[in-house]
Amino acid sequence: MNLVDTFSEFKAGKNIDRPTMVRVLEDVFRTLIRKKYGSDDNFDVIVNTTKGDLELWRVREIVPDGEVTDDRSQISISEALSIDEDYEIGEECYEQLHLEDFGRRAIMAARQTLISRIMELEKDEVYRKYTERVGDIILGEVHQILKREILILDDATGTELVLPRNEMIKGDFFRKGDMVKGVIKQVEMRNNNPVVVVSRTDNTFLEKLMEQEVPEIEDGLITVRNIVRIPGERAKVSVESYDDRIDPVGACVGMKGSRIHGIVRELRNENIDIVNFTNNMSLYIQRALTPAKVTRIDLDNEKIHAKVFLEPDQVSLAIGKGGTNIKLASKLTGFEIDVFRNNIEQYEIDDVDLEEFSDEIEAWIIESLKNIGCDTARSVLELSKEELLRRTDLEDETITNIISIFEAEFED
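For the sequence shown, position 392 matches number 379 in my numbering, and the numbering has no gaps at all.
Simulated from the structure, these hints should not be mistaken for lab results.
Take the hints with a grain of salt, since some may be wrong.
Straight-line alpha carbon distances no greater than 25 Å define the calculated SDA-like cross-link-like pairs of lysine to any residue that follow [to be verified]:
#1 K314 / L381
#2 K110 / D123
#3 K318 / P278
#4 K290 / W351
#5 K243 / S228
#6 K294 / K308
#7 K168 / T144
#8 K308 / I156
#9 K163 / H130
#10 K168 / L133
#11 K157 / V215
#12 K280 / S355
#13 K308 / E253
Cβ-Cβ distance ranges computed for the label pairs, FRET-style [what the hints assert, rightly or not]:
#14 R10 / L133: 33 to 39 Å
#15 M176 / K357: 47 to 53 Å
#16 K243 / D111: 47 to 53 Å
#17 G122 / R5: 26 to 32 Å
#18 K157 / R10: 48 to 54 Å
#19 R120 / L270: 34 to 40 Å
#20 E13 / G158: 53 to 59 Å
A virtual CB, placed ideally from N, CA and C, is assigned to each residue, including glycine.
Between the sequences and the hints, there should be enough to build the whole structure, so can you do that?
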């Protein structure tokens, strides 16, 4: 086994800078020399990183025969002349050493040391490089599919990355060989090995995709103020432009949705609402509740709470499927939002407030109904049983009981 071949083989495939590689090689060979000669003081190790070879030289002072007092630093003239006929007393004798001189066992041990040192260096390099790239988008090929994660090979470097199942979007399905986009979420050390974790559910992924699609964001003309997501279902992004000539929402959506469509496809048809950021909180909440049209908003800045009033046909739009719209609007604005129906007075003659049923219906059930924007008996009856089941956490039997109580009230 030749150490030079080992070096060449590793140098070809590793991303390690030359000074570091030279230092490692010198250390390995100086260790080899110390084991054989007891010291490496009078030895030169010359490493050629371009060709992948090296030279070992022993340097000693030439003294007359019989006057050698230290074998490590001195050599007799007769021994020096056997190396080169031109040597004279007082000069330095350079004797080249060959790896074979050290013995097979020592070479094998040095080879193992070299391999382990280079692997350690490579781990450090991977950790450093990817730590600097946290938040960047990567493109990789699916290498192996495991139960809890997918292993991806970075298209640029060939490094193995990890995409955990909980960092995948609901509709994600990959086969071996598929190309996958994701954002580098974090780099951690597991059992002394760097593990690069990739995510497709992180908010940064959507932000970076928008940067790629919208040049104005990359150029700094438009700023992404906040992103909230329910991955694979819905997202809301608030954007702001410091240039009055640029419409930030229009720029992000693109002509006929050309810019946003590519992002929506990448995120498995995740609905993305782009909202124009403003410091006017009432207007911001109104925009955040898109596509619902808000009639009035009552803000309580101390409690960070907002009461939003809408027409009856807008309530379901404001709440959204499974409450997603109102949840995301609350996260985006930082305000707790409650939705109420408008024009309750028109029902006053032929409608009953939910509080009136407190003797028949438990308070927490009434609260659940109010949370979905139903304040009166008729507003509950206007929604189908399926809709009530979907939008509240109430059980089938409870919903059936509520509907029969309200229906009985109006029959009377």
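Status of each hint after checking the structure:
| no. | hint | in the structure |
| --- | --- | --- |
| 1 | K314 / L381 | holds (18 Å) |
| 2 | K110 / D123 | holds (20 Å) |
| 3 | K318 / P278 | holds (16 Å) |
| 4 | K290 / W351 | holds (21 Å) |
| 5 | K243 / S228 | holds (20 Å) |
| 6 | K294 / K308 | holds (20 Å) |
| 7 | K168 / T144 | holds (15 Å) |
| 8 | K308 / I156 | holds (18 Å) |
| 9 | K163 / H130 | holds (6 Å) |
| 10 | K168 / L133 | holds (18 Å) |
| 11 | K157 / V215 | holds (16 Å) |
| 12 | K280 / S355 | holds (23 Å) |
| 13 | K308 / E253 | holds (21 Å) |
| 14 | R10 / L133: 33 to 39 Å | holds (37 Å) |
| 15 | M176 / K357: 47 to 53 Å | holds (50 Å) |
| 16 | K243 / D111: 47 to 53 Å | holds (49 Å) |
| 17 | G122 / R5: 26 to 32 Å | holds (29 Å) |
| 18 | K157 / R10: 48 to 54 Å | holds (49 Å) |
| 19 | R120 / L270: 34 to 40 Å | holds (38 Å) |
| 20 | E13 / G158: 53 to 59 Å | holds (54 Å) |
Of the hints listed earlier, there is not a single one the structure fails to meet.
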